[in-house]
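As you go down the protein sequences, you meet chains F and R in turn. Anchor point for the first sequence: position 81 equals 81 in the numbering used here, and the numbering is continuous, going up by one each time. Anchor point for the second sequence: position 104 equals 104 in the numbering used here, and the numbering is continuous, going up by one each time.
The set of hints was computed from the structure by calculation and includes no laboratory data. Note that the structure is a prediction, hence the values are computed from the model and not measured. Among the clues, some could well be false.
[To be verified] SDA-like cross-link-like pairs, simulated, lysine to any residue; straight-line CA separation at most 20 Å:
{"id": "1", "chain 1": "R", "residue 1": "Lys3", "chain 2": "F", "residue 2": "Thr105"}
{"id": "2", "chain 1": "R", "residue 1": "Lys3", "chain 2": "F", "residue 2": "Pro61"}
{"id": "3", "chain 1": "F", "residue 1": "Lys9", "chain 2": "F", "residue 2": "Gly102"}
{"id": "4", "chain 1": "R", "residue 1": "Lys59", "chain 2": "F", "residue 2": "Arg44"}
[Stated by the list, open to error] Simulated coverage check for chain R against chain F, where a stretch passes if three residues somewhere in it have a Cβ under 8 Å from a Cβ of chain F:
{"id": "5", "region": "34 to 45"}
{"id": "6", "region": "98 to 109"}
[Claimed, not checked] Now the in silico label distances, taken between C-beta atoms and shown as ranges:
{"id": "7", "chain 1": "R", "residue 1": "Leu109", "chain 2": "F", "residue 2": "Met19", "range": "25 to 35 Å"}
{"id": "8", "chain 1": "R", "residue 1": "Gly16", "chain 2": "F", "residue 2": "Ala82", "range": "44 to 54 Å"}
{"id": "9", "chain 1": "R", "residue 1": "Leu109", "chain 2": "F", "residue 2": "Gln57", "range": "26 to 36 Å"}
{"id": "10", "chain 1": "F", "residue 1": "Asn62", "chain 2": "R", "residue 2": "Leu70", "range": "14 to 24 Å"}
{"id": "11", "chain 1": "R", "residue 1": "Arg61", "chain 2": "F", "residue 2": "Arg77", "range": "34 to 44 Å"}
{"id": "12", "chain 1": "R", "residue 1": "Pro110", "chain 2": "F", "residue 2": "Ala82", "range": "39 to 49 Å"}
{"id": "13", "chain 1": "R", "residue 1": "Ala10", "chain 2": "F", "residue 2": "Val88", "range": "16 to 26 Å"}
Here a beta-carbon is modelled for each residue, glycine too, at the ideal position from N, C-alpha and C.
Residues per chain, in single letters:
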Amino acid sequence: NAGVTQTPKFQVLKTGQSMTLQCAQDMNHEYMSWYRQDPGMGLRLIHYSVGAGITDQGEVPNGYNVSRSTTEDFPLRLLSAAPSQTSVYFCASSVEFGQGAGGYTFGSGTRLTVV
Amino acid sequence: SQKIEQNSEALNIQEGKTATLTCNYTNYSPAYLQWYRQDPGRGPVFLLLIRENEKEKRKERLKVTFDTTLKQSLFHITASQPADSATYLCALERGRQLTFGSGTQLTVLP
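Chain F with its partners taken away, still in its complex shape (with noise of 0.2 Å):
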């Protein structure tokens, strides 16, 4: 049982570059969001899906897009990479949202410097 898998661990990318970021899930777990980590700013909700083909904006989520193709894979896209990118990027799965049907499974996180 992986749980939730992150690709790539590490990236730098040049401003105005694209890039995708991979998140995968094996638990069967239907809601799915991603998050940034900056120093001193916490956790803060990109962009986050409830179900396949479903998705909704978090607090932060210009310059980013998802989709929801499967219940599995749930991909983070910067559109034209910025310096304020920066940042480290974590994936999070839970079984059913709203629930109090327990916590999170968070992947081990994506370091992204744009520079």
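Guided by the hints, dock chain R onto chain F, whose structure is given.
Using the frame of chain F, we list chain R on its own:
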């Protein structure tokens, strides 16, 4: 605006003592409150969840309280050990979003 504050950025305690971490919130009516542990370079790990109609929840050496009148949760680690050293995050769940505090870094000194 909604705000979550965790008592201090860093807390040092002696091994064997009880660590108490505080999570205060404003402009929220959370249905659930969660606590996570995060080690350097790793993702957060879920510890405990408490519902708005529950006063207290325990798990081994961990205890969480939730006071919706005071808008506060307390997180206790009894008989603390150096291995408990980590950053602890509280998170509030309402609607379809889970919002995190910035965390308290706990160091347990041997």
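Right, here's what the structure says about each hint:
In summary, the hint linking lysine 3/R to threonine 105/F is not supported, as the alpha carbons are separated by about 24 Å, beyond the 20 Å threshold. At roughly 19 Å between alpha-carbon atoms, lysine 3/R and proline 61/F fall within 20 Å of each other, so this suggested pair holds. Restraint check: the Cα-Cα separation between lysine 9/F and glycine 102/F comes to about 26 Å, which exceeds 20 Å; the hinted pair is violated. This hinted pair does not check out: lysine 59/R and arginine 44/F have alpha carbons roughly 27 Å apart, beyond 20 Å.
Using a Cβ-Cβ cut-off of 8 Å, 7 residues of the region 34 to 45 of chain R lie near chain F, which meets the minimum of three, so the contact claim holds. Proximity of the region 98 to 109 of chain R to chain F, defined as three or more residues with a beta carbon under 8 Å from a beta carbon of that chain, is established by the 6 residues found. Evaluation of the 25 to 35 Å hint for leucine 109/R and methionine 19/F yields a failure: the beta carbon distance comes to about 42 Å. Distance hint check: the CB atoms of glycine 16/R and alanine 82/F are about 48 Å apart, consistent with the given range 44 to 54 Å.
With their beta carbons about 43 Å apart, leucine 109/R and glutamine 57/F fall outside the hinted range of 26 to 36 Å. Separated by about 35 Å at the C-beta atoms, asparagine 62/F and leucine 70/R break the suggested range of 14 to 24 Å. With their beta carbons about 42 Å apart, arginine 61/R and arginine 77/F fall inside the hinted range of 34 to 44 Å. Against the hinted window of 39 to 49 Å, the Cβ-Cβ separation of proline 110/R and alanine 82/F comes to about 44 Å, which satisfies the hint.
Taking the beta carbon of each, alanine 10/R and valine 88/F are about 20 Å apart, inside 16 to 26 Å as hinted.
Taken one by one, the earlier hints fail for this structure at numbers 1, 3, 4, 7, 9 and 10, listed in ascending order.
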